[in-house]
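Residue numbering for the first sequence follows our numbering, starting at 47 and increasing by one per position.
Treat the hints with care, since some could be wrong.
Straight-line C-alpha distance at most 27 Å; calculated DSS-like pairs for lysine-lysine [claimed, not checked]:
no. : residue 1 : residue 2
1   : Lys407    : Lys434
2   : Lys80     : Lys51
3   : Lys309    : Lys271
4   : Lys115    : Lys80
5   : Lys265    : Lys195
6   : Lys244    : Lys195
7   : Lys309    : Lys115
8   : Lys115    : Lys202
9   : Lys56     : Lys271
10  : Lys265    : Lys243
11  : Lys233    : Lys265
12  : Lys253    : Lys271
13  : Lys51     : Lys265
No lab work stands behind these hints: they were computed from the structure.
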Amino acid sequence: MSEEKYEDSKLYRIRHSLAHIMAEAVLERFPEAKLAIGPPIEDGFYYDFNLPRPITDEDIKAVEKRMRKIASQQHTFDYREVSPDEARELFADQPYKLQLINDLVEGRVDENGNEVAAPAETLSVYTQSTFTDLCRGPHVESTKDINPKAFSISYKPVAGAYWRGNAENDQLTRIYGTAWETPADLKEYLNLLAEAKKRDHRVLGEKLGLFTINQLVGKGLILWKPNGAILRDTLERWLRDIQIRNGYDPVVTPHIGNLELYKTSGHYPYYSDSQYTPIDVDDEAYMLKPMNCPHHIMIYKSDMRSYRDLPVRYAEFGTVYRYEQSGELNGLTRVRGFTVDDAHLFVRSDQLLDEFKAVVKLIQYVFNTLGLNDFRARVGKRDPNSDKYVGDPANWDAATDAIIQACEELDLPYIVEEGEAAFYGPKLDFIVRDVLKRQWQLGTVQVDYNLPERFELEYVTEDNDRARPVMIHRAPFGSLERFTGILIEHFGGAFPAWLAPVQAMVIPITDDHLEYADEVAAHLDERGFRVDVDKGRGRMGGKIRSARGQNIPYILVVGDAERDDRAVAVRLRTDEDLGVMSLDAFTEMLTEITASLSLELTLPAAEASS
RNA sequence: GCCAACGUAGCUCAAUUGGCAGAGCAAUCGCCUUGUAAGCGAUAGGUUAUGGGUUCAAGUCCCAUCGUUGGCUCCA
């Protein structure tokens, strides 16, 4: 099925046109409002305004009502070309529009003088009803294409946004709308949002007892409760096993480092704003570790390396601290202290491609095993117009080529984006979409020629010469906190049995069965399973309900019959009833299911190097 | 950091124009002894985020601070 491009779709035109209708309605209510821009977006549209006073819920309701009225009347969207002077006259009291007009007339030129857009000789405007906006379209022909009951601007609170996305500029009021072709589509979308909210990792984190954040400890700092710690720890052990089987060596480094270390690495000037204030001790400054690379580099440097030693792969679940802007903090997904599933590979140039491919395969394996299938890869190149990058452009090209070649050879679909590189090198990011359709950057692989240079890393070549290794930085999860948060939403709290904090709940029918329930629990516990007995006062029905609420995979009811036969009555959280089976049969089943997570991952590069 | 909204018991939420701070769940104790999605009763739980102000009277109105949420900006 070939997909129509969104920009060419009717929905796009509907949303774009509704942005104009919203501007008309806002302008009626706030005649002094200054208009910025109003484009269609993924689920609807927005328009940015500079308003004379804060907008209230009543205003929004009134604007929405007015929009429905306009949409239900007969108005055409009329296209007209105008000269720049005509446009300036039309928008004489709209300063943002005048800026846009000037930019269009002058063409767009970036700071290095490169032309981004050619100067325009004529501009276009669209008029509907009483409202005319500078716009290149496209729009619907008329309001008859818009269903007045298939949009909403009150589904989401108003937001702040900077003019032209620059924090130095005016802060505008952004009103979001969502719009669809039919009221049924709108309803379905709003339902989806409501469903997604139930899966929110912050909601489930509370319900399932996974984590908490406490003001007295500090914002953006996660306190993992026992159930959440099991999740996090299970993921960590799993990945550690995979890594060890694939030639990584675990290392451990401290949580702070001398400020000079980060000056040497070059990180400090770039990120001094987003770090906790250094700790001054004995005339020296120490920083909370914001990344693990320099520490791993110093381990590499602590020994003389031969070409035969390479690749060296150092892995650490390294906890780092970054002073993120307070407005950015969000549950588990944006925090100030987090643990990176970090590894740094020191490789020879001739090993770069294979090592890079091996890393990509490992990440793919991790994502696929967890069922995170909705991801894409993004090659982050340097922005040719920015000077924030360091290193030799020739190395940048070599690294970028290696990344793209690896994607090609692995048949990994990718997109290339300029300006998404790290300051020291290009990278490949894995972007995952969650149930809220938000995109998260999870796994990342970066090629780095710069830090080896700055730290003067070397190895001895076959000719007894000295050569410089290339570094690969990589983290499949990115951060255990963020990754766990995404997984909580991905599974909606119903984790696969190998991850579930409690794998089985034993429910005795009466107090007479408590002893046998304990026996069942002990039997499973001895075999390494996580099992609880519900000893509460309630009836069995209530306990089943409670266990299902906790999304416990296996519910084991035991009464007289089960005790007499050393059996369990097995019920799943999906409501499926597996009936009565012997305790041994259940144990075997659970063993099989949790072990099906195969660790038999063999990567070509790992074979070659072992 | 910026714009906006919000902050009441561990959790989810009530509390009329400013007029006695409440319920469900969870917890604790007792009763019931249960066969596949909530058994019954009782107890305890609060400086209404914090600090100041207006008022006879503030959870409610005003100011500041802290925090959370939706966005913006940022993200090694």
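Verification of the supplied hints:
1. Taken as a hint, the Lys407 and Lys434 pair is broken in the structure, with Cα atoms around 31 Å apart against an allowance of 27 Å.
2. Distance hint between Lys80 and Lys51 is unfulfilled; the C-alpha atoms sit about 32 Å from each other, more than 27 Å.
3. The hinted pair formed by Lys309 and Lys271 fails the criterion: a straight-line CA distance of about 37 Å is larger than 27 Å.
4. Note on Lys115 and Lys80: the hinted pairing holds, with a Cα-Cα distance of about 23 Å set against a maximum of 27 Å.
5. Only pairs whose Cα atoms come within 27 Å are accepted, and Lys265 paired with Lys195 is rejected, the gap being roughly 41 Å.
6. Restraint check: the Cα-Cα separation between Lys244 and Lys195 comes to about 26 Å, which is no more than 27 Å; the hinted pair holds.
7. Between the alpha carbons of Lys309 and Lys115 the distance comes to roughly 61 Å, so the proposed pair goes past 27 Å and is violated.
8. This hinted pair checks out: Lys115 and Lys202 have alpha carbons roughly 21 Å apart, not beyond 27 Å.
9. The hinted pair formed by Lys56 and Lys271 fails the criterion: a straight-line CA distance of about 49 Å is larger than 27 Å.
10. At most 27 Å may separate the alpha-carbon atoms for a hinted pair to count; Lys265 and Lys243 meet this at roughly 22 Å.
11. A C-alpha spacing of about 36 Å is found between Lys233 and Lys265, which places the hinted pair above 27 Å, so the restraint is violated.
12. Note on Lys253 and Lys271: the hinted pairing holds, with a Cα-Cα distance of about 12 Å set against a maximum of 27 Å.
13. With a CA separation close to 42 Å, the supplied pair Lys51 and Lys265 exceeds the 27 Å bound.
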